Amino acid sequence: MESLWARFALRFWVVLILLFLFIPILLIPLYAFNSSNIESWPLPGLTTKWFAETWNDTEVQTALGLSLRAGLIATALALILGSCAAFAIHRMTFFGRDVVSLLFVLPLALPGIVTGLSLNSFFHYTGITFSIWTIVVGHTTFCIVIVYNNVLARLRRTQGSLIEAAMDLGANGFQTFRDVTLPLIATSVVAGAMLAFALSFDEVIVTTFTAGAQNTLPIWIFGAIRLGQRLPEVNVVVSFVILVTIVPVIIAARLTGGSGIARTTAAR
Amino acid sequence: MAAETVGRPRKKGGAAPLQAWLWRRPWLRSVLLLTPPLAWFVLIYLASLALLLVTAFWQINFFTTQIEQVWNLDNFRTIVSDPTYRLIIGRTVVMAAIVTVTDAIIAFPFAYYMARVASRRVQTLLFAAVLLPLWASYIARVYSWILILNHSGVLNWGLQSLRLPPADVGYTNVAMWIVFSYIWLPFMIIPTYSAMERVPESLMEAAADLGARRFRAVRDVVLPLALPGVVAGSIFTFSLTLGDYITPILVGGESSGWRSLGLGTGSTFIGNVVYNNVGIANNVPFAAALATIPVAIMALYLLGAKRLGAFEAL
Amino acid sequence: MNTTEAGPGFRLRLATAAAAAVIALTACGSTGPAAGSTTAPPPTANLKPLTSIGPGEGQLNLIAWEGYTDTSWVKPFTAATGCKVNAKFAGSSAEMVTLMAGGGGGQYDMVSASGDADLRLIYGGDVRPMNPDLIPDFNNFQDYFKAPAYNTINGIHYGISLQWGPNVLLYSTKKFPVAPTSWGVLYDPAYKGVITVPDNPIQIADAALYLKSTQPNLGITDPYELTQKQFDATIALLKQQKPLIKKYWDLAGTEIQLFTSNEVVAGAAWPYQTNTLQAARVAVADTIPTEGATGWGDTWMLATNAPHPNCAYMWTKWVSTPLVQAEQALFFGETPVNKLACAQMERLQAHSCAQYHADALGSYFDSIKFWKTPIATCDDGSKNCIDYSQWQSAWTTVTAG
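Chains as they are written, first to last, in my numbering: chain A, 181 to 448; chain B, -1 to 312; chain C, 6 to 406.
Honestly, the hints are just simulated from the structure, not real lab data.
Only a predicted model underlies this, so the values are computations on that prediction, with no experimental measurement involved.
It is possible that part of the hints are untrue.
[Stated by the list, open to error] Taking lysine-lysine and the DSS-like style, the derived pairs with C-alpha atoms no more than 27 Å apart in a straight line are:
| hint | chain 1 | residue 1 | chain 2 | residue 2 |
| --- | --- | --- | --- | --- |
| 1 | C | K244 | C | K197 |
| 2 | A | K229 | C | K89 |
| 3 | C | K217 | C | K234 |
| 4 | C | K244 | C | K180 |
| 5 | C | K151 | C | K179 |
| 6 | A | K229 | C | K80 |
Generate the whole structure from the sequences, applying the supplied hints.
Here's what the structure looks like:
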């Protein structure tokens, strides 16, 4: 057990860092009520007119719709491909396994601008038109990595003997997968999917290079910042997104945040 | 339940023979599973990275703005000989390093509390609290920092209320350092926490039994075991800073901080020059040549990270 | 963001563009002579423009300067035509040229290009001829803007003129109760750390314009045509200016934020920033100092591969009407090309017609050095002027070094 002093110091640090993390985020909904269309401190006045304006803004609607569609498609693709990869890597010990592991880390380990520029050149060279599908390709590439990491981490913590026991009891491959494996990894799959969707929804650098004339929400937000005079609309949209995602995020945290392994006395 | 399953007659034909055949060849099953994702990576991702590398050796025709597939080393020669690019690369790497160290220091005690001290409920809430910022637009959060740090922003307002002199942090390197550390913090906390969480309490108890005080136990037991997580997190903070151009555009400025390091002044980072060369100067070969620099840097970084076991901790 | 394609179909343009660009690019956006089109015509010269506007396609993708697509005139447009406007902002002419590569890449319909981008777009084959007969207000344009050298070649219109205006000196009225009379404010060490200028290589011309007055011995006549000696002197001035700069602004919104939060007291700007700040009651004003100013003449050009040409023509018709011309002029702070806009401007804001010189071109027009692409061939035929690629690398050295 930590000493009382240590616990106090740790708690203090955690509160400090939470403030650090959340004060800038709290400013966002605050400025959604800004009576001025530019941002200055302190707040000159309050108004609710921006909510109606943002709701009626067709550019916001289009951008939000595109981000949602691209995110869902990319996450779905990533779920399938990432889980397959995790299963394969978990099982195999083959020459080049390390190389493949390294490969699957690259999209997140290399800066987004490298991925974006590469894909941009690739689409130009092959003559592929820029559209939602080029955006999806870019997003899927790094979403696969996230799902892969999450599922692989969970598979590593799963006891293989459970699978073998199920098969000893007469279940065929598909039944084993459905009744034993899937429930074991389900929460990591869901958590991976949520994290992948979050990154896709907020991604701006790779998307800038892989989108055509379409605007996803982050690109629209950057455009609004360029314009510099409809900033409260940005705050309204972002506040809305935060509100909508609070509950799913808590659920996702529940699913992955700690299985209490450290607290068990059994060593691994 | 067990007896029922055993007694159930097996289906004849159908998928059963195929499954049995696959069961005897586990490698084949793995190959089938691995092929789709691997195909995606090789045919799309690796192919485009290769194309990027190849493009770096081509050149642009300024009149027609077409890429000419003429092999030459001009782009690389320019990067190496023109001192401006050394300055740009230098300051980007230094900033990435500083941000990584900052985030590691901030994240470690935070993750320690989450993994080893907090109750189950608090653990979940804290994890949610770390994930939630990822849903609040990156650009919007950076903009909030502009509001906080600039000349008549929240920080100076607070300092003045406390009768302190105003800080001149807006549009400086300090501002970029704060914003980068802030934005990438969740990416450092999550792997560190996961790694720390896997250290069984029994090891700590054993250390205590052997006479180590808590701090010593943390230093000698938890730290080495959690290090892979920290290194995994550092991969993200380092590479994300290395390639970012948005934060320098929004928050950077002409502060003189780099001069003492011999790195000139300004907030032009590798990402900015690449972005400008693609989107404005339309000189994709040069941008590609520049982009190989962060790739090379990250390749070295990944090699080191692998040695430290970060790959298991991702 | 699109880059250019390295494909066989585009090699056709190599020969035509290379030769033609050199000569044609000397035509500038002011009262210069007509483009010397003694060589091959632009690649899209033979494309027949529309003869009538068909039904709207429901969407319009524009590349525009910040402030050119405000809801106050976009919303009625969408309501009337059903064309949903999707705008991508660009901060410099070079960025617009890049986005429009490949004829708009089949993505973009129109671009609000300034004079220094127009000829590059025309000779690159990225824009196609437009039919002014489909724009009823075209006949009300001031004569010069019906066929300016930067968007009309051999009688073929490659776009419809939009508006024009200056780059101004924006300043805080608290710091400068009386308007500064010289650009020297931006180069004055007394204002160290509180200056901002655009992060755009074309800014070199602004510095050259200042040197034209302060160092006449250099012999600068055209700030876009600089000999090596003149260029070196200008770069030296910019390097001296660098320690005074708080931030080089890339986005209009950044400059607005800099003035809002009192980070800077003076800077080079577009009138758009002034208008936005004044509308938000920030104490600023702008002026054109005695040395004159650089400026821009903008044209809506139609992309060669525009996916929504009908909506594009409807848009051009709309923004050429007197009311929208007036609204845009007042919103951005520029001068309309439609003579009838003057009355509308007066109705919306008293004395604005005179303020923006919308009624008569005159000496105000002549005092503006419109943006044009610097090329190696100077006006007098000699070949020792510095071309744009060198402007770009020099600018990178100044700002990033």
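Please work out if C:K244 and C:K180 have their alpha carbons no farther apart than 27 Å.
Satisfied, since the Cα-Cα distance of roughly 25 Å is no more than 27 Å.
Given the hinted pair A:K229 and C:K80, is their alpha-carbon gap at most 27 Å?
This hinted pair holds, its Cα atoms lying about 17 Å apart.
Would the pair C:K244 and C:K197 pass a check requiring their Cα atoms to be no farther apart than 27 Å?
13 Å, holds
Need the status of pair C:K151, C:K179: alpha-carbon distance at most 27 Å?
Not satisfied, since the Cα-Cα distance of roughly 42 Å exceeds 27 Å.
For a C-alpha distance cap of 27 Å, please report whether A:K229 and C:K89 respect it.
23 Å, holds
With a cut-off of 27 Å on the C-alpha distance, tell me whether C:K217 and C:K234 pass.
Given that 27 Å is the threshold and the Cα spacing comes to 13 Å, the pair holds.
Against the hints set out earlier in the document, a violation occurs for number 5 only.
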